[in-house]
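**Q** Please take these sequences and the hints and turn them into a complete structure.
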Amino acid sequence: MTAGDTRVPVTILTGFLGAGKTTLLNALLSDAAAGKIAVIVNEFGEAGLDHDLIETADDQIALMQSGCLCCSLRGELSETMERLMANRSAGTIAFDRVVIETTGLAAPGPIMQTLTTDPALSRAVRMDGVVTVADAVNGPTTLDAQFEAVSQAATADLIVLSKADLASPDQLLAFEARLRRINPGARIVPAIRGAGLPGQFWGLSPLRPGIAFSEAQNWTTLPAAQPDPLANLSRLSRPANEPAGRFLHDDRICTASVTIDHPLDADVFDGWLADLVSLRGDSILRAKGIVFLEDIETPFVFHGVQRIFEPPMPLQSWQGEARQSRIVIIARDISQKRLQSSLNRLHARPVRGARLSTTQE
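Numbering-wise (my numbering), the sequence shown opens with residue 7 and increments by one.
Keep in mind that the hints are not guaranteed to be accurate.
To be verified - Label pairs and their in silico Cβ distance ranges:
(1) Ala38 <-> Gly326: 29 to 39 Å
(2) Ala92 <-> Arg329: 19 to 29 Å
(3) Ser174 <-> Ala272: 48 to 58 Å
(4) Gly326 <-> Ser174: 40 to 50 Å
(5) Ala112 <-> Gly205: 22 to 32 Å
Everything labelled a hint here was simulated from the structure, so no lab data went into it. Glycine included, every Cβ here is placed at the ideal spot set by N, Cα and C.
**A** Okay, structure coming up:
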């Protein structure tokens, strides 16, 4: 990926049932600064968009008054995307970016894999980020009942707390603390009917043209760990008799990170990553990092979901004198100790070809 990358940025919009994804979509489609947006939805009739569909390009694509497009998903996502891009190339339609709205509790991982592994699509589009909408009032109950909702929160670059005006300050604080425990690296913002959000919605991925080192560094920096993120809340927010195991689904998610000051041997890093993907790929919700490699002057940014990793992207330069590798992994159903142990192996200078078996149970 280079500074001249002309691929179309794609954002995945996911969220809890009833959280207000459509409300957020309407706010985004009204944002002139975002350019023309093509929105992929399950069906026109289910989209619930406020903007009237004023012109139909074909049986799948309709033009809205805002100048944006609404595209109905038929069959496989790859087929719909390729049809959309073909129409764009032919000059039939015009758009600057794509938003894919997932249905219900669908996980964004398979969508990200499709966009990354399909040869035609990977040449035409690039991932710009994952946004999860979480209901500030009913969200905790959804997390308790649906592990898929926990996965959505863990995969997000940005978590939007919808209906923030309907929740008490203690409710918001408790819910945000819980989400940070699930996904420490995500940006979390409260919202009231999508107001003020469009400007924060784009450019969430560091694997994009022209990103500054400081942005990539922030992407891999986790907040300071707290022994109990809910410790300072009132008893109304966290009752003393709260039953054990209430956050059972949350406990299936773990985050591990490592900072390494010395340069990494490229073969050793590749071997570690290959082992991680081979042994635990299906459990990796997000893996991301800045890598300092031996004999290479510029830092590299990498990102992956499950078994699919995008090609590492070189940044233009380091910022300041400090040069470090920073790697963060969010995973499910893996021992926190084993995941951290695997990352810590990169602190040493392991023998090339050594198997990093710490990811095995």
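**Q** Decide, hint by hint, whether the structure agrees.
**A** Okay, the hints, checked on the actual structure:
no.	hint	result
1	Ala38 <-> Gly326: 29 to 39 Å	holds (37 Å)
2	Ala92 <-> Arg329: 19 to 29 Å	violated (44 Å)
3	Ser174 <-> Ala272: 48 to 58 Å	holds (51 Å)
4	Gly326 <-> Ser174: 40 to 50 Å	holds (42 Å)
5	Ala112 <-> Gly205: 22 to 32 Å	holds (26 Å)
The earlier numbered hint that this structure contradicts is number 2, and it is the only one.
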